[in-house]
Every structure is written in C-alpha cells, then in structure tokens.
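**Q** Go by the hints and put chains B and C onto chain A.
Chains as they are written, first to last, in our numbering: chain A, 1 to 411; chain B, 412 to 696; chain C, 697 to 1053.
To be clear, the hints were calculated from the coordinates, so they are not data collected in a lab. One or more of the hints may lead you astray.
[Unchecked claim] With a straight-line Cα cutoff of 20 Å, these simulated SDA-like cross-link-like pairs (lysine to any residue) come out:
(1) A:K380 with A:D291
(2) A:K325 with A:S34
(3) B:K495 with C:L1016
(4) A:K103 with C:R877
(5) A:K103 with C:L1016
[What the hints assert, rightly or not] Across the chosen pairs, the derived CB separations fall in these ranges:
(6) B:G576 with C:S962: 35 to 41 Å
(7) A:N170 with B:I415: 32 to 38 Å
(8) C:V1013 with A:D347: 32 to 38 Å
(9) B:P480 with C:V891: 52 to 58 Å
(10) B:Y672 with C:R822: 24 to 30 Å
Where is the CB? At the ideal position from N, CA and C, for every residue including glycine.
The chain contents come next:
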Amino acid sequence: MRGWLARAAGAAAFALVTACGVAGGQSTAGGSASGTPVKIGVVTGLTGTYAQLGEAQQNGAQLAIQELQGKAGNHPISVLVRDDQIKPDLALNQAKSLVQVNKVDFLTGCVSAATTVAINQVAKQAGIPYLGTCQTEALNRPPDFGPTTFHIAPLPSQDVNAIMPWICQNLGKRVYFLQPDYAWGHEQYDAEQKAAPADGCTIAGVTFAPLGTSDWTPYIPKLEAANPEVLMVGMAGNDQVSFLKQAKQFNLQSRMKIFQFLEDLSFDEQMGFDVTAGTYGATNFYWTIKDPGTQKFVKDYEKAYGKPPSGYAAYVYNAVMLIAKQVAAGHVTPSQFSKALAGSRFDLAEGPESIRACDHQSFQPTYIVQGLTQDEAASKGGSASYGYRSIVRTIPASEQQAPSCSELGLS
Amino acid sequence: MHLIVNQVFTGVVSGAVLVLLALGLNLIFGFMEIINFSHGAFFMLGAYVGFYLLTAFGSFWWGLALVPPLLLLLGAAVERTLIKPLYRRSAVDPLLLTFGLTYIVTQLVEMVAGKQGETVNAPSQLNFQLPLGFTSYPAYLTFVAVLAALIVLGLWLLLERTSLGLIIRAGIRDSTMIQILGVDFDRFRVLVFALGIALAGVAGVLDSPVTGVYPEMGNDILITAFVVVVVGGMGSFWGAVLSGLVIGVLVSLTTLFASVYASIVPFVLMILVMTFRPRGLLGTT
Amino acid sequence: MSAIPGRPPLPAERPGPLQLLELLWRGRAWNQLALLLLVIVGLFFLVPDPSLAVEVLIYSLWAISLNLLLGYGGLVSFGHALYWGFGGYAAGLALLHFTHSLWVALGASMVLCGLLALSSGAVCLRRRDVYFSMLTLAFAQLGYFIAFEARPLTGGDDGLGNIPTPPLDLPGLSLEMHPIRDPLPYFLLCAGILVLAFAFALLYTESPLGRVLQAIRESEERARGCGYNTRLVQLVTFTLSGLLAGLAGGLDAIFNGLEGLQPYWSLSGLVVIMVILGGRSTLFGSVLGALVVLLLEHYLSIAFGDWPLIVGAVFVVCVLVFPQGLWGLVRLEPLGSWGAVAWTRRLRARTAREPGP
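With the rest of the complex left out, here is chain A (with noise of 0.2 Å):
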C-alpha cells in the first residue's frame, strides 16, 4: 500500500476527488497532545431497519470524543463513522477505506450480526483490534476470533440464558418465538431451543420473518391459534416496532405475555406508551440503572442529544473510551492494546463488566424491564416522556450463561 500511495502521491488528484477526500476525512476533533494521533474507525448502520441504532452508535462515539476533548494521555484521539446500510459487502467496503484511506488504528461499532462479521474480517486482515457492537455468536469463536478481537456485546446465548428461567418461573410455560430469518434470529432460536425445556418451558411454536418485514398481518393469526402464554419477539428495529403496532390492532397484548428479546428505549419511543405499556423486554442497558458510570453518562448524553440514550449508544461509547483508556496507558500497538484489554475489568456507561482472557468476550448484567403506562411513567419510570420501562429484575453476569472456553476450541 506505501507503494501505491508514494506513487498516488506524486501525481494531481482529480479535483473533485481531492476536494471531497479531505473534506471527508477531517473530522478530527482538535487537541494540543503532541502524541501519535489515534484514529477509530466507527462502522454502523445508519440507514435501514436499524437506523435508530446506528443514529444512537454515533451519538455515544462523539459523545465519547467530546468528554475526552479529542485527547487519550498525550495522543490526539479522533472517531470517523462511516454508513454500512447493515449490508456486509458495504460494511466491508467502509471498514477497508477507512484502514487503507484514512488509516485507522481502531476499528468498532456494527449494529447486526451480518455485518460484525465483515469488519472484523477487515480488522483481521489489517492487524488492527476490532470491539465489535452488536449480538453476535461470531465474535468470540473461530473462525472470526482473532487476536486482536473484542466482542464488547452480550453474546444472544448469554442473553438467553439469562432470562429464559425468570420467564418460565413468572410469566408462563408455553412459549411462541418469532424470529427474525438471519443469523441473529438463528442464534437466539438455538439457545432458546435447548434453554427453554432445561427451564420448564414448553415451545408452543416458532416462525422465522425476512429481516425488514413491515406487513406482519399474515403472521398474526397463526400464533393467536396457538394460543401461548409468552410470545417472544426475537425482532429488534423497525421490524419490532411495526410488529408491536399491529400486534395491538389484534389485541395480542391483552391475550399473552409479549417479551421483546432486545428492548431498546429508541422502539420504545417509536411505539409510545400504548404499545409498550405491559409488555416485557431484556436489555443490557438501560438509562435508569442505579450505577455512577451510567449515570454520568446517562446526563452528559442527555445535555448534548436532549434525551437519555439507549444501550447501542453506551456499546461504542464504552468502545472508544476503552480504547482511550489503554492508550492513555501506552498500549498503543494491536498487541499491546489487546493484552491489556483481555481479562480486563471495567465500569463505564453500562454498569461493571469484565473481558473473558480466553475469548475476549463481554460479561455484563442482563436487565428485565416492564413497559409501563404513561400514568405510571413520572413516578415509576423516571421521566414522564422517557419512562417506558421500570428494571424488574437484574441479573448478573455467569461464566455459566455462556459457552465455556473449553467449548469454543480456545484455552
């Protein structure tokens, strides 16, 4: 690549190129360290069916620049965020600009299983580390993981794992899945599979729908004659909004206990009070936990964004602040950084948590948390227009909700 670029450097850019070239690539926040400047490069979606997740992955990795005032120790320390539309071929077009381009010494964020792959894939490939954002099983086994890979997300086993007893013991024994046809949806279904009758559960049924479903009439029918006590809804997104929505149409919330696998507050705003109102969801965030990491957070989000932030906010948040800390440190090379990462503890923006050695794989809290009505939101929630949810139950994190090292090929 040096190379190429003394040669490229020699010759006049077209003007246009050049123009947009370095337009695009200052996004650096100013500092006066005298340091080597540390670059991130920000992967997400901020267009499709996760848009919102992608918006709030944004948010939390300037918001992370904006406290560190663009310095870690001595280095000057940027975030450039790129748009992958959560398609892999994309993601994997952004991520090599960003490491051939822009030259990148970090990469993170994704906000689907599908496109974490293809970063990381790039990550690898460079020798550069990769914290990867989302729920994913690829991460943190071969033949993704690599050295200097991080998987700062729950894994969706551990997810389920950790909340299938509490469903089975409080809300009923028959459960209904729907799931969303891709990976993330697979992996949940296999979890759940084996989870859900080690607990006492029964599955009543299980129907995978295409990524971006908007139309979710032709699927309601089917799990109103099965009839369950709890439908989990594996959806996260538009696909989850638009699927509450016309759930309520069909009255389901009044006949079984919905649980949304992956509660997030920007849905929550996305369907209002009516929708969510009863309703239960998991969530590895959420903007309320009584802890001082999430609260200073929670408040500096809210001064700059004007509303509290949700959990895939606080993913890359936590991922550029990590990388601050090992390189205020002086762990500044791939390897240096990442054998001072694994094994590590931390409490940042999502409360205590800590990275396996053996995988590089997030241990964190999972929360159950009930929708509640508008009425209840000031004095139960925590703010009348941001009080969707009250935390019912907090479970920590196991070695067991995982698979364990041993299980994964790696020792």
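**A** Here is chains B and C on its own, set in the frame of chain A:
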C-alpha cells in the same frame, strides 16, 4: 379451518393494497406504454404526505381526502416535465427515467423526514375488533378491504360508463387509431398518468397504519406490484384485480405453513404463469 | 464467433478472425481499448483509495457484460446481479473447500454462471420487452432467495466470509496477494482480465454474431426474415454476458474475501445505472459509467450523506438530455476531437446506420 379462513381474509386485505398499486401501473402501461418504475416512490410519498397531514390536522381522514388530489397534481406535473419529452423515444427510456426518479423522491423524503420512519396510528374510530361471526378482525383492516373494493368499482365505472373511460379504453386498444380520429391524446396521457399516481398515493395512505411509513416502503411492494401486473396480464383491468388478490392470499397462506418461503411465492408464480400462460391470467393478447 | 450453423452464410463482407484483429487495430474499437488503458493508468495514479480503484475495474467488467445485452442486444435485464452473486459464491466456495488456485476458482465462477445464464436465458428469452425484464428479475429474486436460505453453504444474510486469497500463479511466477496491505498485484490482475475481456467483447460485437445481435435490436422481424435464428443469437449473448458477470463477481468475492448478500433487484439496478449513465452505445461507455457511479458514490457518501439524490438527478438528466449517456456527451473521435465536430459526425453516423445486416 378457522385459521385458514382467517389467513385468507388477511391475504385479501394485503392483496387489496397491491391491487390499487397494480391498477395504476396497468393503466399507465396500457395507455402510455410506459413502465412506471417510480410508482413505489409515489406510494411512499402518498403515505408520508398522509402522515404529515395526520400530524398537522390530527385526523387520518384529512390525509385520505387530500392525498389523492395532491398526488394527482404532482403526477400531472411529473408527466409534463419529465415523461412528455420521452414520447417518441424507445419504451426503455421512460423506464430508466422513472428508475432515477425513484432515487430522487426517496432521497428527498429521507432528507425531509429522516431515514428512520414513523409509525402511524389507525383512526380512532376504527380502533376496535370487528366481530365477523366466526372470528374477530381489526376494523381498520376490514375498512381497507372495503374501501379498496369501492375504489376498484369506481374506477371500473369510470372506464366503462363515461366518455373519458371510452377514450382511455380505446387508447389502450389502439393508440394510433384514436390519434388519427382526432383525439387530443396528450391531454389524456397526463390524466392517465396522474390518475395512476393518485391511486398509488391512496394505497400508500391506506397502508401506512399497517406498516408505518419509511423511505424504502415503496421498493419491495413495487416489485410485487409489477409481478401482479404481469401475472394478471398487462393492460387487463380484472386481471390485475384477480392476480393481486391471488398473490395476497397465496403469500398469506404460505406464511402460515412455511413463512420463509412467503417472499418468493410471487416470483415462482410469475415464472409459472409466463411459462404456461404467457399472456397472463386474464390478458388478451 | 462463427456463423450460426444450419443458416445461410452471412453477407459477403463477413470478416474473418484476422480481419477482425485488423479492425480492432485500426478502427473505432482500437480507440476504445486505448481509452480503457488510459482509464486504468488514471485509476492507478489518481485514485488515492486502492480498493476503490480495484472496485472500478471489477464493476467495469460487470457493466460491460450487461452492456452486451442491454446496449447491443436491446435486452434490458433487471437481474444481472444473479450472475455476479453466484459467480462470487462459486469462487468463494471453490477456494474455501476445493482449491488454492485462483484460476480454478475464477473458472468455476465462469462455468457456473455460464450454465446458469444458459438455462435461465432459455426461459427469459421466450418473452420480449418488459416481460423479459420481469422474468430476469424473477430469476434474480429466486437466486437471491436460494442464496439467502442456503445458510450452511452461503452464509445467508451474513455473507460468505473468510474466503482465502489465493496466490497469483503466472507462468514462472507465483505472487502472494494481500488485498488490504498490498492491493497492487490484485489491481494488475483485474486490469489484465478487464483488458482481455474488453477486447473479447469488442471482437464479439464486431463479429458476424454481434452484428446480427444489433440487427435484432433494431428489428427482430427483419433479422428473422433474413434467416437468422434470433433466439439462438440472443441466447449465446445472454450466456456470454452471464459468464463475464460471473467472472466479475468471482473477482470481487476473492478481492473482498467475502460474498455479501443484498436484494438482487437493487444490485441489478445499480449496474443498469452504470451502463445507461456511461452510454449504452459503446463498450467503453460502461467503463465510464462504472467509474463515475463508483467515484460519485464513494466520495459523495463521505462528504454528503444524501448522495443518491445526486446520482438519481444525474441519471434523470442523462436519460432526458443525453440518451447516449456520458459517452455521447464527451465522445472522443479519433482520440481528441471534441464537441461539435464529433457531435455532427456521430449524428451522421447514426442516420447512416443500417437497421439490418
């Protein structure tokens, strides 16, 4: 059995929206020999305009009432400025132009309204379960099916019982002949194009409480609407209606038995129809 | 490149292989090849992002393959992503499971996509115009669905990842390739393949078969009246086009180490835009289209999030004002004369063009 009847009804409702889209495409194709690739974009635009009217006036009915005239005007403007210059060109050019137009409309909506999309509440008057004897069904969805049926009926009466309809039907059969007969063909082209766009807009408004509004909402449904037109027979009025309902019901039933195959059903049906009955279910030539 | 068997021989001026090469050397065709080399050199020196430069080459190849159908055959395929995508899977799966040879993998792409195009083309070409477009679309969506559901094989929505990069084996030389750290060998590989494929496509369009193809575009009835099996000529073109698209898809998958999956109709639309924008009347137009669309997309998407607006507007203006695409706008007659002279010459050439062979 009960479940299947329910599922068929659901299919009819989603088919109804497809029928409205397909009829517009079909009119434009039959009369102007133009494949309007931007039909989905106008479907989406109609839904968004309806959403903004709902937000501004607080009532869904304003959107439903105002979107058709607004899109009628917009359709006429688009026809005059963009489609008219292509009258003498090959049939591919309008197809390509409207393809580019889709990008522009979708992107403009994204710039104004954001990428994320919004949810739309069904009108409060229809926010209940309608008892249908054997089952109950959301009143709004029933309303969609009934209104779509009325629109189809109205359109049919317009085509069959008015002198305007006579000219349109004649134009679909032989456009050269009616030009020779001295009909001001240009004026009717604007009208037919605008009418098709208005139909797409209504379909968008009707669909918005079901799916919400989002910038890409026109894309997938447009492809299915094309399939509906081809399967029904290009230029055939009742062909589009029949195939819209058939595809709606087939997709709905496939969802019941094997949901992952639902998305491919229209295309398989189209390949089969093209192979064994190339002129479409009710096509004439 | 020979006449269709069982048909009367072609008109007397039918060129043999040598004459074709001569034509390539002297005529219009040669200019195009020179321009292509110019673009490649330009990409090499002027585009600071090496991956983008490689992508331009690969997409050019894909656009050329579509232009054979769309520009020369008048057959608007809205499903060309099928061959691109399946070419990628063929190459990727071959490298993951069967071989370490680049050439075998690319060969697998071409063979698979050639066969796929042959069989789907046989069905699609039974219908004309819009019906043809719709059928190509239907097959593409069918292929997309298969790729999506065959998760164990293709990785489904996640894409087929971790495709190893094979070494570049040339006679007497084996070069390690690393698309991220050192994209140069891959650039040269793609440039070489593009030049070869471009020359092949030029020869094909100038060959008797290619002439008949263009005659069919102008009037299928007359071509049939002249005794040609029009269906067969179109099918041969469809197959070649699918084969080249497969090659492009294979190159892309190996370059990225990943074959992603996105709805084939939108991907097909992208390559149609490239061909139309660049100009469907010449093969070089497709290269131009790929270059402009990818550069616009890449740089606008960084500087201006709403870049599709500009691409859409450029496209609409192009269809309205320059039906011959960008190439029609800046067409360089014998490498240099611009503007009015070229314009009038082109107009004259167009009016003089004969509808049949």
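**Q** Against this structure, judge whether each hint is valid.
**A** Hints, verified against the model:
The suggested pairing of A:K380 with A:D291 holds, with an alpha-carbon distance near 18 Å, which does not exceed 20 Å. With a CA separation close to 17 Å, the supplied pair A:K325 and A:S34 stays within the 20 Å bound. Only pairs whose Cα atoms come within 20 Å are accepted, and B:K495 paired with C:L1016 is accepted, the gap being roughly 10 Å. Proximity of A:K103 to C:R877 is assessed by CA-CA distance (about 11 Å); at most 20 Å being required, the pair is judged to hold.
A threshold of 20 Å between alpha carbons decides the hint, and for A:K103 with C:L1016 the separation of about 41 Å lies outside it, so the pair is violated. In this structure the hint that B:G576 and C:S962 lie 35 to 41 Å apart at CB holds, the actual value being about 37 Å. At roughly 35 Å, the beta carbons of A:N170 and B:I415 sit within the given window of 32 to 38 Å. The given range of 32 to 38 Å is broken by C:V1013 and A:D347, whose C-beta atoms sit roughly 56 Å from each other.
A hinted range of 52 to 58 Å for the beta carbons of B:P480 and C:V891 is consistent with their spacing of about 57 Å. Between B:Y672 and C:R822 the C-beta distance comes to about 25 Å, which sits within the given range of 24 to 30 Å.
When each numbered hint is compared with the structure, violations occur for hints 5 and 8.
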